[in-house]
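From first to last, the protein sequence lines stand for chains Y and H. In our numbering, each number is its position in the first sequence, counted from 1, plus 14. In our numbering, each number is its position in the second sequence, counted from 1, plus 46.
Note that these hints are calculated values from the structure, not bench results. It should be emphasised that the depicted structure is a prediction, and the values quoted were computed from it without experimental measurement. Some hints here could point you the wrong way.
[Stated by the list, open to error] BS3-like mimics (lysine-lysine), calculated; alpha carbons at most 27 Å apart, straight line:
(1) H:Lys-450 to H:Lys-341
(2) H:Lys-213 to H:Lys-174
(3) Y:Lys-298 to H:Lys-142
(4) H:Lys-53 to H:Lys-152
(5) H:Lys-174 to Y:Lys-59
(6) Y:Lys-59 to H:Lys-189
(7) H:Lys-188 to Y:Lys-59
(8) H:Lys-53 to Y:Lys-27
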Amino acid sequence: MTNEKILNSNDDKWDSNITPSNRLLDLNIKELWQYRDLLFLFVKKDIITVYKQTILGPIWFIIQPILTTFVFVILFSKMAGFDTGNVPPFLFYMISITLWSYFADTLNITSKTFTDNANIFGKVYFPRLILPLSKVFSGFIKFLIQFAFFIAFWLYYTFVAKSIIPNWYVLITPFLLLIMVTLGLGFGILITSLTTKYRDLTFLITFGVQLLMYGTPVAYSLTDTKVEKYKNILLLNPLTSIFEAFKFAFFGKGEFNLFWLSYSVIFTLLLLIIGIIVFKNVEKRFIDVV
Amino acid sequence: MSREVIKVEHISKLYRLGQVGTGTLSHDLKRWWAVVRGKEDPFLKVGVENDRTSKKSSDYAWALKDINFNINQGDTFGIIGKNGAGKSTLLKILSKVTSPTEGIIKVRGRIASLLEVGTGFHPELTGKENIYMNGAILGMTKKEIDRKFDEIVDFSGVALYVNTPVKRYSSGMYVRLAFAVAAHLEPEILIVDEVLAVGDAEFQKKCLGKMGDVASHGRTIIFVSHNMQAVQSLCKTALYLKAGQIADIGTTESVINTYMSREIRNCYSQRWEFENAPGNELAKIISAEVIPYFKDDVNIIDTSTAFDLKFEFYNAVQNQIINLSLLFYSSAGNCIFNVGTGMRTLDKGIHTGILKIPGKFLNDNIYTITLMIVKEGSSALFYLEDILTFEVVDEPRTSAWYGKWEGAVRPTLFEFELK
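Can you build the whole structure from these sequences, using the hints too?
Written out as structure tokens, the structure is:
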């Protein structure tokens, strides 16, 4: 408190500074790593709170995509007549829906990071990015359960019914999945940062995600003759080439276009970087305006 | 040992008043345009001093303005001030929940803050799961929690229910569990907001004791409270905030004295000229006054101080049957009690009513008095709200417990013998 003490403390080694603004892209990976246990606990919480006090428990993770798949088969394959080639429509729509729901869930939930967690964020500090990241991981667990179910059917059609011919591109599907979910995350944290002060965008997002599904080859394939003339417009959507490559790998049917895949990767990385910059900027002060 | 662990330099925080709405975008654009041209933010200049009682003259207010102080390692540092003085804002900035508008805070070591107990508790999760969840949110690693788990459960006293979802807990158990986690944090710097206001007396004592332990281990504690007794017993140094600025800083005792003399701005007496005295053609109120009987050289009314309330009023009608009635309101606006004089037939002229309140009767609170002049024991001739306002502060306690004394009154003058 006194001058004497101030003079004594001339070693200027401080651990951290609290300042009005961050450096531009200060990810602070070290800090994120320190909070890895929190990330793990958030994921655990997400998973177990979903099926607490339910009878069927985790089976609910399966029921939802199965029912949606049936509806899609009837709606798009039987009624609208989209061509899935030699791929059983059931299998075709199942992978589409599993992928799409992972993407849409990630985008929907991370785009509400700030508004949904204002209460916790207002009381305690931890790296805010932990929360959207935890949603990516808990979504991944849900995805894995659904995907395992798909794999069971896929193995049957590949090796028993022998109606589809997969190829070695299957090995790069984890990478495709990573790009897809990063896109959802990048988009989500950008939106949540933009909607803390002005809520207008939240209205757009709710139905925007629904509309985006029709612009992504979920219900159809790019190789379908009905779709082909819109192909170049659809490929502008960075999800398109990812979904197509997925189906190409598992079914041997679809587009594997290296140019458009690179476009998706670059698009995703740019979006993620912008998302993080804006997110880090907003997290410092959002609690005053939320 | 007296190494600085926190150095606060020129910290200011600007808040926008009113709602964020359609007008905000234009402000944001103007601000952005100014920054682009390399000029100063135009809205940083217009902030008014943070004084909630004055009518606002600007859309922005400084919640904190140019705060500078240092805290040394092992200090127990108290922050006091009235509601709205900027205490919470300062705490939020120190805990990195929000950032300052200007200035810098340099920190050595890990900060953990307790602005609330039980942050991140999920009702569906069990006690055990919530201990881990809450601990991790407060900055503990899983290993640390593993190590302390038994101690935490022990401290909370809910061992039996540790595998039950916390939504089935009573609110008392919930708070105890939450505080138990918090009490076992071991950061270099611990920031505590008024969380001691929760829980029962025994538990509070345990928590204060625990915090004292933490401080004696060379850790630094920053403690914010309205409870002067708790601040005094726990903190060596203190900071007094008033309207977003430092009003005093130094030893806790001297800071609390400054606080007392500046903040307790009560209405101890009122007197009116006869012509404009409040009232009507039947009765008028002339004066009202609190007359305390101070012991020694203390001049603050505490719970042990006896005092009189004296009222003078004018009765305009000869032989009117009158009695006085007084209503005591607490700061929360509840009527604590109502006392009346007996009825008397009064002459036309000025009369006086005196109520004697003994010491050791009222609880600590801010009391607001309403005076009623009643005719024939049934209808009010005239009444005046808020005629007097005064604070009764807590008397120095002899026990080790500093929690809020429950109840509207504290009649320790009653005989209560233990044989």
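So, going through the hints one by one against the coordinates:
1. Taken as a hint, the H:Lys-450 and H:Lys-341 pair is honoured in the structure, with Cα atoms around 24 Å apart against an allowance of 27 Å.
2. Our distance criterion of 27 Å between C-alpha atoms is met by H:Lys-213 and H:Lys-174, whose separation comes to about 13 Å.
3. Under the criterion of a C-alpha separation no larger than 27 Å, the hint pairing Y:Lys-298 with H:Lys-142 is consistent with the structure, at around 8 Å.
4. Simply put, H:Lys-53 and H:Lys-152 have alpha-carbon atoms about 5 Å apart, close enough for the 27 Å limit, and the pair holds.
5. With a C-alpha separation of about 12 Å, the suggested pair H:Lys-174 and Y:Lys-59 falls inside the 27 Å cut-off, and the hint holds.
6. With a C-alpha separation of about 18 Å, the suggested pair Y:Lys-59 and H:Lys-189 falls inside the 27 Å cut-off, and the hint holds.
7. Among the hinted pairs, H:Lys-188 with Y:Lys-59 is consistent with the structure: their alpha-carbon atoms are about 15 Å apart, no more than 27 Å.
8. Distance check on the hinted pair: H:Lys-53 and Y:Lys-27 sit about 12 Å apart at the alpha-carbon level, within 27 Å; holds.
In summary, this structure violates none of the numbered hints.
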